[in-house]
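Top line first, the protein sequences correspond to chains A and B. Using the numbering used here, you'd call the opening residue of the first sequence number 1 and step up by one each time. Using the numbering used here, you'd call the opening residue of the second sequence number 1 and step up by one each time.
Treat the hints as calculated values from the structure; they're not laboratory data. Cβ coordinates follow ideal geometry from the N, Cα and C atoms, glycine included. Hints may be right or wrong, so weigh each one.
What the hints assert, rightly or not - Derived BS3-like pairs (lysine-lysine); straight-line CA-CA distance at most 25 angstroms:
#, chain 1, residue 1, chain 2, residue 2
1, A, LYS318, B, LYS268
2, B, LYS51, B, LYS222
3, A, LYS8, A, LYS215
4, B, LYS50, A, LYS186
5, B, LYS36, A, LYS186
6, B, LYS290, B, LYS256
7, B, LYS287, B, LYS311
8, A, LYS221, A, LYS166
9, A, LYS271, A, LYS186
10, B, LYS255, B, LYS167
11, B, LYS323, B, LYS229
12, B, LYS311, A, LYS328
13, B, LYS323, A, LYS324
14, A, LYS328, A, LYS13
15, B, LYS233, B, LYS326
16, B, LYS206, B, LYS50
17, B, LYS323, A, LYS318
18, A, LYS318, B, LYS50
19, A, LYS328, B, LYS268
20, A, LYS324, B, LYS311
21, A, LYS324, B, LYS252
22, A, LYS80, A, LYS276
23, A, LYS318, B, LYS167
24, B, LYS233, B, LYS252
25, A, LYS186, B, LYS51
26, B, LYS311, B, LYS255
27, B, LYS319, A, LYS324
Claimed, not checked - If you want the ones that stay clear, here's a sample from chain A, every Cβ over 10 angstroms from chain B, calculated:
#, residue
28, LEU178
29, HIS182
30, ILE287
31, ALA319
32, GLU321
Claimed, not checked - What follows is a set of in silico ranges between Cβ atoms, one per label pair, in the way DEER data are often shown:
#, chain 1, residue 1, chain 2, residue 2, range
33, A, VAL326, B, LYS222, 26 to 32 angstroms
34, B, LYS319, A, SER184, 43 to 49 angstroms
35, B, ASN182, A, GLU187, 24 to 30 angstroms
36, A, VAL326, B, HIS143, 20 to 26 angstroms
37, B, MET95, A, ILE260, 56 to 62 angstroms
38, A, GLU313, B, LYS255, 53 to 59 angstroms
39, B, LYS319, A, HIS200, 53 to 59 angstroms
40, A, ASN192, B, ASN109, 36 to 42 angstroms
One-letter residues, chain by chain:
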Amino acid sequence: MMEKKISKIELKKIYKTMLRIRICEESLVPYILNSEIKCPVHLCSGQEAVAAGVCAAITSKDNIFGNHRSHGHFLAQGGKIKDLIAEIFGKESGCSRGRGGSMHICDPSVGMLGSAPIVAGTISLAVGCALASKIRKTNNVTISFFGDGATGEGVLYESLNFASLKKLPVIFACENNLYSTHLSIKECRARNNIFEIGKHFGIPGFRIDGNDVLKVYAAAKKAVNFCKNGQGPVFLEFMTYRLRGHVGADDNVQGVHTDIRPLNEIKKWKKKDPIKKFERYLLENNIFKKIDFEMIENEVITEVNDAYIFTRESSFPKASELNKYVFKS
Amino acid sequence: MSSKVRKLQYSLAINEAFHQMMACDKSVFLIGQGVKSPWYVGKTALGLLKKFGPERIIDTPVSENAITGAAVGAAIAGMRPIVVHPRMDFMMYAMDPIINEAANWHYMNGGRGTAPVVIWGVINRGGEQGAQHSQSMHALFAHIPGLKVVMPSNSYDAKGLMVSAIKDDNPVVYIDDRWLYNIEGEVPEELYSVPIGKGIIRKSGKDITLVSVSYLVLETLKAAEILEKEGIKAEVIDLRSVKPIDKDMLEKSVKKTGRLLIIDGGWKTCGLAAEISATIAESALFKDLKSPIYRLALPDIPAPSSCTLEKEYYIDCNKIINKVKKIFE
Ligand SMILES: Cc1ncc(C[n+]2csc(CCOP(=O)(O)OP(=O)(O)O)c2C)c(N)n1
Ligand SMILES: [Mg+2]
């Protein structure tokens, strides 16, 4: 079995990444509710396994692009919690210097080249990044993270064809959480076959349980090898579910604003919480003991607490520097 | 017979235009993202789905290019569609059907076909939403031959201009502003229209002409009231239509006041304010000017996220007052 080949250190790293994402996301909730955070925030609680599993299969020399729901991608690729939280609070010390907010996070130093809320807006950019590595012969891969909603945009199909035509080392990583804002996937797509959409362009596609981090990791690893062998792009559809509403803190229990999903569906998916699932696996296979979890959790909580101290101590951008960064000088 | 006039929110005034136009013209339909979701396009689509059904109130996948093209095509085939973009930033995916197809259609086919489509884009800015969720791109559309562009500032015009836009035999870009949605104004119950291409004087004065459109008309009026107390009598023109511009009204006003300040929520370079400024500068009126023409527009900077930068970025009543005072110094 694939999992056997993963060392305990690696498993710990993957677990910690998932926990960093979850604890960071949930730490934002009170501040979203009391409006201390003003920018729109799309939490990815529940979808941690996709970011953690995929990014565990690449290095910081590889690149990723994200969308509006990219806190997880940022953290999994090695972005710092303090850089993320400071950005969300609009501080100069944030990863985008307070210019971008939650929907424009990046850390090029670890290969997270950017994220943008225009649906499907970064897919072709990821293809371009893969093109660049092909021209430069760097043998890096690029991951394009996008949601099921993005499969509605034409640019995805143009990107698939071009990427396949040029055998570009890009992985199309679609997080299918079954919803695009207020519409269920049934109302958006004529067929429930996202993983197959690359097929007609000659791109292999797979549907993976996106709440099983080891399956995600295994699929990503295979796809990365495929790309690095020069065999071209791969399409991965990860089935997952967000534990909160489309935007903001909504968890449907509050019954506010955005979450229109049926309660029993939410309940069903809560049972498939990717972190709990992974914890069970680690315990049942005697890889981790309870104390291991506690230690990791404490490390993460400390990191998050430090991030808030850092954010509070950071200043807002100066009004006089409004036009800084329009152009590179 | 004069019909009943009552107070109605801006968003409900738009909603009333749809209800009335769809009831009297079977070729009218509404298509775009969020028309079935009350939280997405405010109250503008209230009750429409229930009354007219999913064949005429069509919620769509995230496919701006194809959906806008489909609306344009339906218009060419004799329908009168309204295609909504709940944020005008998303309309950028639809530039081809709007600009290359709809705008040119009548001309390039020698008048043998037309595309009477309403392309409705919502300006939705502020709230630290950042660069891709804040843009006011009316000037971009006003630049294009074959497009009319309207931007109502109050409930009365919101309804009347929507009616005119639907009835117009040409493509009309209807741009409103989320900041106006909850503001109430007097609206007659009956079906009426506001002519495209006609501005309106919101306040008369003799010292300076302040030209504005959409939300900024409100800030300009507030500024004018305060300036009045300080002895500066400003005339406030609400353009209502950005294209065609009501040149006559502008010229008459500037002839009277001899001073002109244009206040525009779009960017300065090649913007609406530049166009108005040039229009007056090249008319015979330049001899009557007592001071240079001034522009108060957004700086040529993407919308920032952080609150300190947002405050510096957007135009408000105080910035207008300061600018006017400087002109009189
Ligand atoms: C071009 C464009 N159209 C519409 C929107 C509005 N919008 C924001 S997120 C979203 C749905 C995205 O769904 P999906 O890609 O599945 O991501 P999820 O939110 O489920 O993570 C939409 C339609 C947008 N941001 N950009
Ligand atoms: Mg989705």
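Quick rundown of the hints versus the structure:
1. Restraint check: the Cα-Cα separation between A:LYS318 and B:LYS268 comes to about 22 angstroms, which is no more than 25 angstroms; the hinted pair holds.
2. Distance check on the hinted pair: B:LYS51 and B:LYS222 sit about 39 angstroms apart at the alpha-carbon level, beyond 25 angstroms; violated.
3. A distance of roughly 16 angstroms separates the Cα atoms of A:LYS8 and A:LYS215; the hinted pair therefore holds under the 25 angstroms criterion.
4. For the proposed pair B:LYS50 and A:LYS186, the alpha carbon gap of about 20 angstroms is at most 25 angstroms, so the pair holds.
5. Between B:LYS36 and A:LYS186 the alpha-carbon distance is near 15 angstroms, which keeps this suggested pair within the 25 angstroms criterion.
6. Taken as a hint, the B:LYS290 and B:LYS256 pair is honoured in the structure, with Cα atoms around 11 angstroms apart against an allowance of 25 angstroms.
7. The straight-line distance between the Cα atoms of B:LYS287 and B:LYS311 is roughly 37 angstroms, outside the 25 angstroms bound, and the hint therefore fails.
8. A threshold of 25 angstroms between alpha carbons decides the hint, and for A:LYS221 with A:LYS166 the separation of about 21 angstroms falls inside it, so the pair holds.
9. A threshold of 25 angstroms between alpha carbons decides the hint, and for A:LYS271 with A:LYS186 the separation of about 23 angstroms falls inside it, so the pair holds.
10. Of the supplied pair hints, the one linking B:LYS255 and B:LYS167 is violated, its CA atoms being roughly 34 angstroms apart against a limit of 25 angstroms.
11. Annotation: proposed proximity of B:LYS323 to B:LYS229 holds, straight-line Cα distance about 16 angstroms (limit 25 angstroms).
12. The hinted pair formed by B:LYS311 and A:LYS328 meets the criterion: a straight-line CA distance of about 23 angstroms does not exceed 25 angstroms.
13. Among the hinted pairs, B:LYS323 with A:LYS324 is consistent with the structure: their alpha-carbon atoms are about 23 angstroms apart, no more than 25 angstroms.
14. For the hint pairing A:LYS328 with A:LYS13, the CA-to-CA distance comes to about 36 angstroms; that exceeds 25 angstroms, so the pair is violated.
15. Distance check on the hinted pair: B:LYS233 and B:LYS326 sit about 15 angstroms apart at the alpha-carbon level, within 25 angstroms; holds.
16. The straight-line distance between the Cα atoms of B:LYS206 and B:LYS50 is roughly 51 angstroms, outside the 25 angstroms bound, and the hint therefore fails.
17. Of the supplied pair hints, the one linking B:LYS323 and A:LYS318 holds, its CA atoms being roughly 22 angstroms apart against a limit of 25 angstroms.
18. Distance hint between A:LYS318 and B:LYS50 is unfulfilled; the C-alpha atoms sit about 50 angstroms from each other, more than 25 angstroms.
19. Taking the CA atoms of A:LYS328 and B:LYS268, the gap is near 20 angstroms; set against the 25 angstroms cutoff, the hint holds.
20. Distance hint between A:LYS324 and B:LYS311 is fulfilled; the C-alpha atoms sit about 15 angstroms from each other, no more than 25 angstroms.
21. For a cut-off of 25 angstroms, the pair hint linking A:LYS324 to B:LYS252 is broken: about 41 angstroms separates their Cα positions.
22. Using a Cα cut-off of 25 angstroms, the hinted pair A:LYS80 and A:LYS276 holds, with the two alpha carbons roughly 24 angstroms apart.
23. A threshold of 25 angstroms between alpha carbons decides the hint, and for A:LYS318 with B:LYS167 the separation of about 48 angstroms lies outside it, so the pair is violated.
24. Between the alpha carbons of B:LYS233 and B:LYS252 the distance comes to roughly 16 angstroms, so the proposed pair stays at or under 25 angstroms and holds.
25. Among the hinted pairs, A:LYS186 with B:LYS51 is consistent with the structure: their alpha-carbon atoms are about 23 angstroms apart, no more than 25 angstroms.
26. The hinted pair formed by B:LYS311 and B:LYS255 fails the criterion: a straight-line CA distance of about 34 angstroms is larger than 25 angstroms.
27. Of the supplied pair hints, the one linking B:LYS319 and A:LYS324 holds, its CA atoms being roughly 21 angstroms apart against a limit of 25 angstroms.
28. At roughly 14 angstroms, the least C-beta separation between A:LEU178 and chain B is larger than 10 angstroms, which holds for a residue marked as non-interface.
29. Distance check for A:HIS182 against chain B: the nearest CB is about 4 angstroms away, which does not clear 10 angstroms, and the non-interface claim fails.
30. Listed as a non-interface residue, A:ILE287 keeps its Cβ farther than 10 angstroms from every Cβ of chain B; the least gap is roughly 41 angstroms.
31. Non-interface status of A:ALA319 relative to chain B is broken: a Cβ of that chain comes within 10 angstroms, the nearest being about 4 angstroms off.
32. Against chain B, the non-interface label of A:GLU321 is violated: not every CB pair exceeds 10 angstroms, the least being about 8 angstroms.
33. For A:VAL326 paired with B:LYS222, a C-beta distance near 30 angstroms keeps the hint of 26 to 32 angstroms intact.
34. For the hinted restraint 43 to 49 angstroms between B:LYS319 and A:SER184, the CB-CB distance of approximately 45 angstroms keeps it satisfied.
35. The beta-carbon spacing between B:ASN182 and A:GLU187, approximately 28 angstroms, falls within the hinted interval of 24 to 30 angstroms.
36. The hint said 20 to 26 angstroms for the Cβ distance between A:VAL326 and B:HIS143, and at roughly 22 angstroms that hint holds.
37. About 31 angstroms separates the C-beta atoms of B:MET95 and A:ILE260, a value inconsistent with the hinted range of 56 to 62 angstroms.
38. The hinted window of 53 to 59 angstroms between A:GLU313 and B:LYS255 holds, with their beta carbons roughly 58 angstroms apart.
39. For the pair B:LYS319 and A:HIS200, the beta carbons lie near 54 angstroms from each other, so the given range of 53 to 59 angstroms is met.
40. The given range of 36 to 42 angstroms is respected by A:ASN192 and B:ASN109, whose C-beta atoms sit roughly 40 angstroms from each other.
Going through the hint list in order, the structure does not satisfy hints 2, 7, 10, 14, 16, 18, 21, 23, 26, 29, 31, 32 and 37.
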